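Student: Now for the letters of each chain:
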Amino acid sequence: MTNHWRDIKNADVILITGANPAEAQPVGFQWFMRAKLDPTKGPGKGGGAKIIHIDPRFSRTSAVSDLYVRIRPGTDIALYGGLMNYVLQHDLYPAEYVTNYTNASFIVKESYSFQGGLFSGYDVARREYNVKEWAYETGADGFAERDMTLKNPRCVLSLLKQHYSRYTPELVSTITGIPQDAFLNVAEIVGQMGKPDKVMTIVYAVGLTQHTTGTQMIRSGALLQLLLGNMGRPGGGMNAERGHANIQGNTDNAISWDLLPGYISVPMAGDETIDEYVKKHAPKKLDPRSWNYLGTNYKKFTVSLLKAWYGARATAANDFAFAYLPKPSANSSWLSIYDQALRGKMEGLMLSGMSAMSIGPDSNQILQALSNLKWLVVMDPFPTTSSEFWHAPGANAGSIQTEVFMLPATHWIEKDGSFVNSGRWMQWKDQVLQPQDQSMHDHWIIAELHARVKQLYVSHGGAYPGPILDLAMEYRNPVKPTLDEIAQEVNGKDLKTGERLATFAKLTDDGSTSSGDWIYAGSYPPKGNMAKRRNGVQDPKKNDPTGMGFFPEWAWSWPLNRRILYNRASADLDGKPWDPRRPGIVWNGSKWVGDVPDYPPTMSPHDPKAWLPFIMTGEGVGRIWAAALLVDGPFPEHYEPTESPVRNALHPAISTSPVVFFYDKAAGRLNRFGTPDEFPIVATTYRLTEHEHYVTQWVPHLVQLQPEAFVELPPGLAAERGIANGDYVNVRSKRGMMHCRALVSKRFGQVDLGGTKVWQIGIPIHWGYVGLAAELYGSKSDHWLANVLTPFVGDANARTPETKAFLVQVEKA
Amino acid sequence: MSSTISRQDFLKVAGIGIGAVGLSELGFDVAQATMVQQQLHIAGATESHSVCPYCAVGCSLIAYTRTQADGSVQLLQIEGDPDSPVNEGRLCPKGATAMQLAVSKRRVGQPMFRAAGGTQWQTISWDDALNRIAQHIKDSRDRTFVTTDAKGKRVNRTDGIAFAGGATFSNEEGYLAAKVMRSLGLVYLEQQARV
Numbered sequence: 000m001t002n003h004w005r006d007i008k009n010a011d012v013i014l015i016t017g018a019n020p021a022e023a024q025p026v027g028f029q030w031f032m033r034a035k036l037d038p039t040k041g042p043g044k045g046g047g048a049k050i051i052h053i054d055p056r057f058s059r060t061s062a063v064s065d066l067y068v069r070i071r072p073g074t075d076i077a078l079y080g081g082l083m084n085y086v087l088q089h090d091l092y093p094a095e096y097v098t099n100y101t102n103a104s105f106i107v108k109e110s111y112s113f114q115g116g117l118f119s120g121y122d123v124a125r126r127e128y129n130v131k132e133w134a135y136e137t138g139a140d141g142f143a144e145r146d147m148t149l150k151n152p153r154c155v156l157s158l159l160k161q162h163y164s165r166y167t168p169e170l171v172s173t174i175t176g177i178p179q180d181a182f183l184n185v186a187e188i189v190g191q192m193g194k195p196d197k198v199m200t201i202v203y204a205v206g207l208t209q210h211t212t213g214t215q216m217i218r219s220g221a222l223l224q225l226l227l228g229n230m231g232r233p234g235g236g237m238n239a240e241r242g243h244a245n246i247q248g249n250t251d252n253a254i255s256w257d258l259l260p261g262y263i264s265v266p267m268a269g270d271e272t273i274d275e276y277v278k279k280h281a282p283k284k285l286d287p288r289s290w291n292y293l294g295t296n297y298k299k300f301t302v303s304l305l306k307a308w309y310g311a312r313a314t315a316a317n318d319f320a321f322a323y324l325p326k327p328s329a330n331s332s333w334l335s336i337y338d339q340a341l342r343g344k345m346e347g348l349m350l351s352g353m354s355a356m357s358i359g360p361d362s363n364q365i366l367q368a369l370s371n372l373k374w375l376v377v378m379d380p381f382p383t384t385s386s387e388f389w390h391a392p393g394a395n396a397g398s399i400q401t402e403v404f405m406l407p408a409t410h411w412i413e414k415d416g417s418f419v420n421s422g423r424w425m426q427w428k429d430q431v432l433q434p435q436d437q438s439m440h441d442h443w444i445i446a447e448l449h450a451r452v453k454q455l456y457v458s459h460g461g462a463y464p465g466p467i468l469d470l471a472m473e474y475r476n477p478v479k480p481t482l483d484e485i486a487q488e489v490n491g492k493d494l495k496t497g498e499r500l501a502t503f504a505k506l507t508d509d510g511s512t513s514s515g516d517w518i519y520a521g522s523y524p525p526k527g528n529m530a531k532r533r534n535g536v537q538d539p540k541k542n543d544p545t546g547m548g549f550f551p552e553w554a555w556s557w558p559l560n561r562r563i564l565y566n567r568a569s570a571d572l573d574g575k576p577w578d579p580r581r582p583g584i585v586w587n588g589s590k591w592v593g594d595v596p597d598y599p600p601t602m603s604p605h606d607p608k609a610w611l612p613f614i615m616t617g618e619g620v621g622r623i624w625a626a627a628l629l630v631d632g633p634f635p636e637h638y639e640p641t642e643s644p645v646r647n648a649l650h651p652a653i654s655t656s657p658v659v660f661f662y663d664k665a666a667g668r669l670n671r672f673g674t675p676d677e678f679p680i681v682a683t684t685y686r687l688t689e690h691e692h693y694v695t696q697w698v699p700h701l702v703q704l705q706p707e708a709f710v711e712l713p714p715g716l717a718a719e720r721g722i723a724n725g726d727y728v729n730v731r732s733k734r735g736m737m738h739c740r741a742l743v744s745k746r747f748g749q750v751d752l753g754g755t756k757v758w759q760i761g762i763p764i765h766w767g768y769v770g771l772a773a774e775l776y777g778s779k780s781d782h783w784l785a786n787v788l789t790p791f792v793g794d795a796n797a798r799t800p801e802t803k804a805f806l807v808q809v810e811k812a
Numbered sequence: 000m001s002s003t004i005s006r007q008d009f010l011k012v013a014g015i016g017i018g019a020v021g022l023s024e025l026g027f028d029v030a031q032a033t034m035v036q037q038q039l040h041i042a043g044a045t046e047s048h049s050v051c052p053y054c055a056v057g058c059s060l061i062a063y064t065r066t067q068a069d070g071s072v073q074l075l076q077i078e079g080d081p082d083s084p085v086n087e088g089r090l091c092p093k094g095a096t097a098m099q100l101a102v103s104k105r106r107v108g109q110p111m112f113r114a115a116g117g118t119q120w121q122t123i124s125w126d127d128a129l130n131r132i133a134q135h136i137k138d139s140r141d142r143t144f145v146t147t148d149a150k151g152k153r154v155n156r157t158d159g160i161a162f163a164g165g166a167t168f169s170n171e172e173g174y175l176a177a178k179v180m181r182s183l184g185l186v187y188l189e190q191q192a193r194v
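In order, the protein sequence lines correspond to chains A and B.
Every letter in the first sequence is one number past the one before it in numbering that gives the first Met the number 0, and letter 205, counting from 1, is 204.
Every letter in the second sequence is one number past the one before it in numbering that gives the first Met the number 0, and letter 113, counting from 1, is 112.
Derived from the structure by calculation, the hints contain no laboratory data.
In this text, all values refer to a predicted model and were calculated from it rather than measured experimentally.
There could be a bad hint or two in this list.
To be verified - If you want the footprint, here are the derived chain A segments under chain B, 3+ residues with CB under 8 Å:
id	stretch
1	107-117
2	129-143
3	323-337
4	393-402
For glycine and all other residues, C-beta sits at the position ideal for the given N, C-alpha and C.
Between the sequences and the hints, there should be enough to build the whole structure, so can you do that?
Tutor: Here it is in C-alpha cells:
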C-alpha cells in the first residue's frame, strides 16, 4: 500500500477492483465503513464516502457498497482505460498536478507507435519488444525533453489521450460485460475525484495481480490515480491489500528471484562488477531538478548490503565480494522452478510455509514436477499437500523416487520478530510460548543447514565454496541467531563506531557502513527497536497529533517511519495541501510538517532548485508513461486472458498478450490450454473469510464454519445443467478436474459481451487432500484442489500465474 | 496507560450493544456474564503482545498465558488489542481462533523422512535429518554449479536447488533465509508474493 489501513477513512471515494476486503480483510474494512459513515466525506456535498465495488462476484463488500458492478475477470485494463478516457475527454484532471507532478510533459521518441494491438519494437520470433523504442527524447545533457504546455503531440499526455480514445463506453462494455449506463455511473463519480478538495483511493488485491496482464492491470489503476492527482495524498493512493501476515516484509527483504533487499535489482549474468551493475540497474536522472534518490544512492545500498552479508570479507579490493552473489541468466520465478523440475534439471526444493501442490497452478503438473526431484524439504508446523504429495489421491508412492523430509517448524507465537502489514507497518511481536514438541525455529533450521553445508566444504572441498565459508554469521550463537540480532543487522550500523544507524542517509559506498536492507535503516536506531512502540488509540490526541491517523509512535513504517509514500505530492507547488482538511505534509515557512516528509525536510518549495516531488524516480515525477520499465508496453493495453471465451474486441488479431511466455510450448510439452468450444465457462478463484490459504484446514473452529469444498454457480447456469444447490458437480479444465458440491447463488451471473453471453463461476481455493476436513470426508476430498484447474502461465512481467481467469466446463456428477 | 485498563474499557463499550440484545431475548446480560467469565479465566495471567498470523491487515493481539506448577506455559486466551490503530481490538473469525492454530495436537511432533519409493513416513532425529539435507544440498550444488554461463558470463550459481516460502516468516527469518540461500548460490528463490 502507498497509504495504510487507517488512512482509508480519509477517502471520498473508495474504488475496489480485484478485491473483496469485507471478507478477505474484514478488520481492515472497518476503515472503509468509517469513511462511508462520515458525512464530511464523499463526492459533491459529502454525505459519506462512496464505495464502488467492481468484481465478478457479488460479495459482502458489494452488499455495503454504493455501486456494485459485475465485470468479466481479466478485463480491468479496459475498465481503467475507459475511466481515463472519460476523465481526459471531459477535461476533469487537475492541471497543476498533472503538469508538474507527472511525466505528462515528457516527450517520447518518434520511434514509438501503437498499431493493431502491437507497440513498436516487436520481434515476432522472440515474442519480445525492444523497449528502447519507447524512450524519451533526450537532449545533449542526457535529460528528457519536456513541453510544459502539454501541447506537443508526442508528449505523454497527448499519447495518453490518443491511446485511450479507443476505450469508449461501448467498447468498455463489450470487453468487460459492464452495461454502458453502469460504467457511466462509475465514471461520473470517479471523474469528480480530480478536484483538489476531493480524493479517491483505489484498493486491489490478487484479483488484479493474477493475470497475464496483472502488472499492467495494477498500473492502469495507478495511472488513473496520477491523472486525478490522488497519489501521495491522505485518502488516496494505490493500495494492495495483501493476504499473508508478512508477505510485505518478505518482499522487502527479497525472498524473490529478481530482487535484493530494499527493491534493488538482483545482479544478472553480465553484471561483472558493482559499478557495471549500478550503471545497468540504477535509475538515471532525467531532469535537472530530479533528485533521483534511488539511482544516486544505489551503490551505497549495494555495498552496505554486501557488508552485512560478507562482513570483513567484503573489501574494496575484492569489489565487496560482489562475485559471491549468484547471477541468473534467465527468469527464475515460481513457475520456472517447476518448469525446471519438469525438464529434469531441478534436484532439490525447500518449501517453508508454502505448499506447491495447493498453490499450483496446474497442480497435476506440479505433482509431476515434485516427483521429478531428488529431494524435497518441507518446513511447516502441520502436514501440507506438498509434504504428503507422494501419497496424494491417484499417486503411486512406490514409483516416486523423491526423498521427502518433513521438518516441524515453530509457529509465529513461539518466536518473536516482526511482521510488516500491508500498510508497511513493522510490528514487533513477543515470543509467547515455547516451541511445541520437537519443533524448531525456521531461522535455526536455516542456520544449522548453513553450518553443516559449510563444514562439508571445509572437510571435503567442492564447487566454489567461498560464499558459504565467508558468509558473516556473526551471531552470539551462529546456529541459534536471535531475531533481535538479525533485526539489528537489517537496520545496519556505522562500522567505524559500531553504532546502529538512524537513517539510510548515513550509508556509504566505501565499506564503512552495513545495512541488510536500506529501507529498514532507522527501524532499530541506537535508542531501540522502533517496531515495539505501542502509543496507539489509548490516547488519540497525544498519539495522533495531526488527527490524520498516522500514529507515528505506533510501531514503525518503512521508509523512515513515513506513513504515506510520495507525500510531497499531497501539497501544491507552494507547499499548501490540496485540501486543507486532509494535509499530508505542509510547508510552514521553514520546514515540512505533518507526516514524515518524502522530501528533504527543510527544502523550500520556493527554492528555484527545489527537487521535483517524486524523489525516487529518475524523472522526479510520477510515471504515466513507463519508458523502459516493463516488457509489455509503456501504457497498459487490454489483452484477453490466455484462456478466453472471446477474441479481443480492440484488435482481434492480437488477442492475448504478445509477450507472454509459454513454458510448456518452450519445453516441448503437450498443450494444456483449453478453448471456449470445449470449455465455455469463465472461472475465477477466490477466498473465504473463514480460511487462510491452506493452513486453516487444521483449525477445528474454522473447519466447522466452512467444512467442505464447493464451487459457486449462478442459478441460470445451474438450471441449464440440471444442477440443484448442494449437488455434486465435476468442474473440468484442460488440465484437470475438481469434484465437489455446487453452491447455486445469485452472487455469480452472466455477462453480456456485445451480444455474446458468457457464464461466470467462482471457486474457493482452500481445500485439498490434507487437513481435518479431508480426514472427515475421506475419498470425497480426493478432487478438492482448486488449482488443478488453473493454467501454467504467468504475467508477462512478474510471471504471476493467471489463476483469476480461465475456462472450464461444469456438469452434474 | 496500562493495557489492562483499556481492555476493560473496551469490553465495557462492547458490552453495551451486545448486552441490550442479551437482556431482551434471554432475560439476563450475556455480555456481562461472558465478561466476568473471561476475567476469571485470565485473572493474574501474563499479557504478551502478538500480531495475527493470517492476513496482512496486521491486527494486534494480546495473548494471555499462565506458568503452570511444572514450569510449562499455558496459553489461556488470545484477543484483539484495543490500543492498536489498525484493529482497535477487533478480530475476524480467523484471528479470533488463532489459539487453535497456536496449540494443536495435530502438529507434526518430530522430523519425518520418506525414503525414495517409500510408502510411509519414518521418524528421524533432527541431527540425522539436518545432516542428510546438508549432504543433499552439497551434492546437488556441486553437480549443478555454474561458474560461467553459456555466454561466458561469470554467474556463480547453482541451477539445481530452489527455495520457496515465508509469508509467515517474520522479517528477520525471511532476511536470514534470503542471505543464506544466496550464499549457497541459489537463484530460484521465491515467496508467496509471486503467487
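Student: Work down the list of hints and note, for each, if the structure agrees.
Tutor: Hints versus structure:
1. Look at the stretch 107-117 of chain A against chain B: 0 of its residues bring a Cβ nearer than 8 Å to a Cβ of that chain, fewer than three, so the hint is violated.
2. Figure legend: the stretch 129-143 of chain A, annotated as covered by chain B; annotation inconsistent (0 residues with Cβ-Cβ distances under 8 Å, at least 3 required).
3. A stretch counts as covered by a chain when three or more of its residues have a beta carbon under 8 Å from one of that chain; for the stretch 323-337 of chain A and chain B the count is 11, and the coverage holds.
4. Here's how the stretch 393-402 of chain A fares: 7 of its residues keep a CB closer than 8 Å to some CB of chain B, so the rule of at least three is met and the hint holds.
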